[in-house]
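There are 2 protein chains.
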Amino acid sequence: MKNEINIGLLGFGVVGSGVAKILHDHQDDLSYKLGVPVKIKKVLVKDTEKERDTELQRDIFTADLDEIIDDPSIDLIVEVIGGTSEAKQAIERSLLSGKGVVTANKDVMAESGLELLKLADENKSDLFYEASVGGGIPLIRTLEDGLSSDRIRALTGIVNGTTNFILTKMKHENKSYEEALAEATELGFAEADPSADVDGIDAARKMVILSSLAFSTEVRMEDVFVRGMKDIKPGDLELAEQFGYTVKLAGSAKKDDNGIEVAVEPVFLPNSHPLSSVNNEFNAVYVYGDAVGETMFYGPGAGSLPTATSVTSDIMAACRNLLLGVNGKRLHAPQHTCKVKKDSQKFGRYFHRISVKDKVGVLTRLSAVYSKFGASLATVIQHPNKHDGGADLIMITHEISRQQHLDIMDELKNTEDVIDVLSHYRIEGELS
Amino acid sequence: MKNEINIGLLGFGVVGSGVAKILHDHQDDLSYKLGVPVKIKKVLVKDTEKERDTELQRDIFTADLDEIIDDPSIDLIVEVIGGTSEAKQAIERSLLSGKGVVTANKDVMAESGLELLKLADENKSDLFYEASVGGGIPLIRTLEDGLSSDRIRALTGIVNGTTNFILTKMKHENKSYEEALAEATELGFAEADPSADVDGIDAARKMVILSSLAFSTEVRMEDVFVRGMKDIKPGDLELAEQFGYTVKLAGSAKKDDNGIEVAVEPVFLPNSHPLSSVNNEFNAVYVYGDAVGETMFYGPGAGSLPTATSVTSDIMAACRNLLLGVNGKRLHAPQHTCKVKKDSQKFGRYFHRISVKDKVGVLTRLSAVYSKFGASLATVIQHPNKHDGGADLIMITHEISRQQHLDIMDELKNTEDVIDVLSHYRIEGELS
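Line by line, the protein sequences give chains F and D.
Just so it is clear: in the first sequence, position 369 is 369 by UniProt numbering, and no numbers are missing.
Just so it is clear: in the second sequence, position 37 is 37 by UniProt numbering, and no numbers are missing.
Bound-form chain F, shown alone (with noise of 0.2 Å):
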């Protein structure tokens, strides 16, 4: 048996100076629960000159990953680098030495999880990657083992902290979007670009990796519908308050005897729904499992500390397989294989804000639109519009089909007297 585990930790950002802040700091309770201490033996980065504050010693950094490698004692790589082609590659290598890997990459690990932990498998070799989704919240290891035994039938996610905090900001200081982002930028919660945040690139991602593991399948990007949060229009949450809705930018998949759905877009909550009150920016998770019914995990979605602790529980669950000799014994090949429903057979409830000319009529032209593709209407509120003399007419359907609610959004903009179809919103966590 190892009298001690030895670490290559590759890159020192954010959550790379986390794990070695929390590998110090509770380094007594750590080796307690192992048995043996835990020691980060190298650390990659691209400057070994550069001032670092930490209780490392200075000369365990390199810029050369072979170093770390070809390090016979290192039994376990850490990969917080970042980024897709480099990490995948350092990842790749780590495994075919057949030395575990820990991984906070949701990029790499949506793009090309699957492949990875095929080849963790044939390596016999440990892929651990909890802190790729939902930063401190445990969710891998809830889908893997707490929930291991259920059939998970659907899972809704706020899995992006900073449109999550975006939104916040806009509903309850009543803040512009543009106003909001700045602050989200200013906090350090949004990047300089925050395209693959506000676009829902990002909350794919992490629906990807959730939904291939909830569904044991292998769920790719261009299975998931993704509409970012620039549909929102000005006015729409208040309107969503309204009607008792808070609006989400919020990740759904779903499965049925059709197939699977999974989708990132800015939906309407019911006010009533935990996730609605998630804030700021928290993440959390809801999952509808056929035995356990609904349950919710929350907690710091992002953040140097809160995702090295996901690493760290990750590095712990490693050593301990490591120590016992069962490393690499975790099958991943999916289940089964993945078919995705067509949009005849997504169903739902809309919400559709139609901007239209205020005359005789217009709303029996509107409902007949409806009643051709076979809708039907639980709501239809008038507003006098009062900018431009028209009016916004607020449609809210009973379930319908995604095909059915697109053909209505198109015969809409060619009715006679409708200006523009403003905003659509699908209703997402009612029980139906």
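Just so you know, the hints here were simulated from the structure itself, not pulled from any lab data.
Owing to the predicted nature of the structure, the values given are computational and were not obtained by experimental measurement.
Yeah, the Cβ is synthetic: ideal placement off N, Cα and C, and Gly gets one too.
It cannot be assumed that every hint is accurate.
Restraint-style ranges between C-beta atoms, simulated for each label pair [stated by the list, open to error]:
no. : chain 1 : residue 1 : chain 2 : residue 2 : range
1   : D       : P234      : F       : G35       : 53 to 61 Å
2   : F       : E111      : D       : N3        : 35 to 43 Å
3   : D       : G389      : F       : E173      : 42 to 50 Å
Assemble chain D onto chain F, guided by the hints.
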């Protein structure tokens, strides 16, 4: 390597029949994940002749525990009998015979958890108990694995569904305690004798289990301060609401350099706290860790299938260990001896509702009591009291020790013009 896992199921009540149903309905998924099938080989019941709605063969039911313990083909015992002495004996005998055990028994685990875990370690067997706390929510696992790298500082939980259901009905539907309890009983959320629930005993047992694990120490029932919901007076819930709080029967566990404190009592939770919107029979545990910050885990706290999900996930974990030959390799000895704080070391803000005679100088006399014990007040409000011409005084303190609070209570009762201290609550979940 084994080619199947055989289970001896002790008990076939609400949870036991749920476990049988999940193992039957999800068998394809479970055996895919494990690589081998998992079968219930024998079931212990009192009456083998009773008609049961189950897919299990009738001849596997037995009233003889020996038949199960002595069957060498049975690898794993699942104890869902409930109660204490019979269940504890059965667990001990199973562990001594080298079989792994999965239990849902909070009474046994709160009373003898560490003793049984030690017995498991000595006999190289596993003892899993996820279902003993929080029904379908994977809490034990989260503390053991997901947050294994962190240092837990505090844990607040709504861990009793019955009392939470009653308080929700009282708050949201203006029912009296008696009406709400009657409804809970009718819906099967409360037992015929609800005293273990409403007196806080059930929640205290769960807090013993959670805090022992979170702080890696041995917390016993006598270390927990317990106050049931009978002290909640009519009008308290409305008063709480006026000040922006919700009354919850909450478990709390905290640790600092002076030691630990564990309590179950009705508390005021700020409405902005995620636990305040956990309603009906749902449970949730809020965990505060050094590194991760705030996380929360929410789900059904009881019920046949939710609880059975946790039991079956434990079965999966035990099976994996058996198949890998690493059963009984987990160290359960607590890292720290348990040091319980004195009342003078437990700090919090307190809400006091005091009935007084409406006389000149009464407020001066009362505030002098607070000053005498060094307590400063954050809020003082006087409400005329319609029925007896007196008044209700609301005093909300800044942070004081529990000892100060108790001293003030005592002194108030002997203060001129004080009719009674109607109610008092600690305020939980505020940032200090």
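Status of the hints after comparison with the structure:
no. : hint                            : in the structure
1   : P234(D) <-> G35(F): 53 to 61 Å  : holds (56 Å)
2   : E111(F) <-> N3(D): 35 to 43 Å   : holds (37 Å)
3   : G389(D) <-> E173(F): 42 to 50 Å : holds (46 Å)
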